[in-house]
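J.: The primary structure of each chain is shown beneath.
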Amino acid sequence: MSDIATKTPPEAPERAPSPKPRRDALWWVRKALWLAVLLLALALPLYLEAEWLKAGQYMMVGAVGAIGLTLLTGQAGQLSLAHAFFLLAGGTAYTVLAGPTGDPELVGFGLDPLLALLGAIAICALLGLAFAPVAGRLRGIYLGVASLALVFLGLYFGQAAENLTGGTSTGRPPAEFSLFGFPFSNEGDLEILGVPIRATERVWYLFLALTVIAFLLARGAVGGRVGRAWRAVRDNEPSAAVMGVSVWRAKAGAFAVSSAYAGLAGVMTVLWFDLLKPDESEFGTYGINVSIAYLAMIIIGGLGSVPGALVGALLVNGLPQVLALYSTELGWSTGTGEHAFTPILISSFVYGAAIILVVLFEPGGLAAIGRRIAGRLSGKQRERKGT
Amino acid sequence: MTAPELLVRDVTLRFGGLYALDDVSLTVEPGSLHALIGPNGAGKSSCFNVISGLYRANEGSVTFGEHDLSHTRPHRLARLGIGRSFQNAALSPHSTVLDNVMLGRFALTHGGFLSCGLRLPWTRREERKHAERAAEICAFLGIGAELHQPVGSLPYGIVKRVDLARALAVEPSLLLLDEPAAGTNAAETAELASTIHDIRDELGISILLVEHDMGLVMGIADRVTVLDFGRVIADGTPAEVQADPEVIRAYLGSENAEAG
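Top line first, the protein sequences correspond to chains A and B.
Take the first sequence: its letters are residues 1206 to 1592, numbered as in the working numbering.
Take the second sequence: its letters are residues 52 to 311, numbered as in the working numbering.
One should not assume that every hint holds.
What the hints assert, rightly or not - In silico contact screen, one side only, chain B against chain A (beta carbon under 8 Å); selected entries:
1) Leu105
2) Pro125
3) Leu128
4) Ala129
5) Ala141
6) Phe157
7) Arg170
Hints listed in this document are in silico derivations from the structure and should not be mistaken for laboratory results.
On a predicted model such as this, the values are computed, not experimentally measured, just so you know.
Every residue gets a Cβ at the ideal spot worked out from N, C-alpha and C, and that includes glycine.
In isolation and in its complexed conformation, chain A is listed as follows (with noise of 0.2 Å):
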C-alpha cells in the first residue's frame, strides 16, 4: 500500500476480504452463553417461588422498556425523558381496549386480550410519531426536556380521564391477559415436572416471550440498514443526509419504534401490577422517576447496547425487589413513611452511585467492559494460534 506502483485494481483485490465476521471459538462461546441464559430463564419457575417470579417479571418489564430507550437516545442520539408516558399511553391503551364494555362508568372496547396488547404497542408509536416534530427541532438537553413535558401531560391526563384509567384513587384493573383461549390466571391445571403453572410462571412465561421478541427485533434492526441510519444521524446529521438519509424520518422512525417499545412494557407494567394507576408512588407507576430510572438502565448498560439495556434492566429494576424480598426474610425492620430506609431507596443509592461510576470510569457502560474482556480473550486467542 505504501507504493503507488502497486495498488490493486478493482477486478483483482490482492485479498478477498471477507465482509462476514469471524466466527471463531468467542462467537460460539458467546451463542452458547445466551442460550444459557434463556434455559436458565425457561427452568426458573419451576424452581423459583411466586415472588421471586414476580421480582423477575418487573425485571422483563424493565428490560422491553429499556431496549426501547437505548434505541432511541443511544442508537439515534434523541435523549428523551418521555418513557414514563409512553409507559402510561400503553398501560391506559391496553386496559381500555382490553376492558368489558357496558361498564356505566369505565371505557372498554371489550377486545381479545392480544388485539388489545397489539393496539396499544401501534396506538404508543403512533404518540411517538405524533412528538416527532417536536423531536427534529430540538437537541440534546432541550429534547430531554421537552420530552419531560409528556410525563407531566401524561400523569395530568390519567388523573383527569377517570373513564379510562379509573382514576388514582382506585385505579383500574386490566383484563386479564390470554393467548387465544389460554388463560393467563390460575384457571385450568397445567403442571411440568409436577410444578403447577398457575398465573404467576404463566405471566413469567408471557414475559419471556415478549422480552425474547423485543431483543431480537432490536438486534435485528441495530445491525441492519436501519441502526445504520439512527447511527449516521447520532453522530453526523450533515453526512447522514448526503448518504440518501433523511434526517427527519430516522429521528421520527427511531421515537416511533422506542414508543412502541414502551407502550410495550407499559402493558407488562399493568399486566405485572394487576392494576393501571396513574399516580407516582413506588412501583408499576408512571412518574419522572420512571423515567429516569429508563435512563439509567441505559447509561449502565451502555448507551446503545441492547444486551447492555438488558442488564441494567436486571439491576436498576431488580435491585428494589431482590432487597425488598430479602429484607422480609432477614427480618430488616426497614419501616415505611417518609424517612423510612425502603429498599427503594437504598436501590436509588446505588444505581445513583453506579450512574457515576459509569461516566467517570468507562463512559460506554458495562457493555464497553463486556467488549473489552471479549476483546482481551480473543486477543490472547489469536496470540495462541500465532505463536
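Add chain B to chain A, keeping to what the hints say.
T.: Only chain B this time, still in chain A's reference frame:
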C-alpha cells in the same frame, strides 16, 4: 457509464450581508476531474454545500443532467448518483469500517424496522450482496484489511480513505471530494492523488474536488476553478490557472495575511 454534466450557474449565497458566494458559475464536464481551489474562506466549502443541498442558494441554479439540484432535498442526492466525502471525514467512530461504508448503500437498499428486525430472507440477501460490494470498494481503496475495525481506532490517513469508500459506495456518477488530503502527510497525499486519478479512470465518473494542496490539484486536475472572496477569479487548465496573475495575487496575498 456516462455521467451527466454538473452545471453551477450564477449562484449567489448570502449570510446576512456577507456574500459567501457571489455569482459563481462552473461546469463539471462528464468524466472530468475538476478542482475548486482558493485561499481560506474563499467559499469553496460553501459552494460544495450548495451543490449537495445542505445550503440553499439565494440566487442562481445548480443542475445535474436534467435534475435541478437547487430544489432537491439533500437526502435525494445519493439517489441521483452524487457521492460526497467530507473535510473532517464525518464518520461514526464507534462503528466498523464496513458499517460506515455500508451507509453509502442506504439509498440503494430497502427495509425498515420490522424487516431488519425480523431478518427477513430478502433483507438478509440484499444486505449480504451489498456488504460484498462494500468490501470490494474497500479493497480497491486499500483498506480491505480493516473492514471489522472500529473507525475510531484507525490512523487518520485510513479514516480519510474510509470516508472516500463511503462516498464511492453510493455508486456515484459524480463524486464531490471536500479536501481529501486535509490532515494527511505528504506520502499519504501522493497515494491519495493516484487513487483519485484511478477512480476517475477506472470507474469513469466525474469528480469535483475542493483542495488546498496545490501539488495534488495541479498534478491530477483536468480543469481548475479558482475562487477568492466568493467570486470566480480564474477558470482553465492547471497550466493556465497557474500563470494567471490574479491567482498569484490571491494566493500570495492570503499567505502574507496569514503570516502577519
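J.: State for each hint whether it applies.
T.: Outcome of the hint check:
{"no.": "1", "hint": "Leu105", "in the structure": "holds (5 Å)"}
{"no.": "2", "hint": "Pro125", "in the structure": "holds (4 Å)"}
{"no.": "3", "hint": "Leu128", "in the structure": "holds (7 Å)"}
{"no.": "4", "hint": "Ala129", "in the structure": "holds (3 Å)"}
{"no.": "5", "hint": "Ala141", "in the structure": "holds (4 Å)"}
{"no.": "6", "hint": "Phe157", "in the structure": "holds (4 Å)"}
{"no.": "7", "hint": "Arg170", "in the structure": "holds (5 Å)"}
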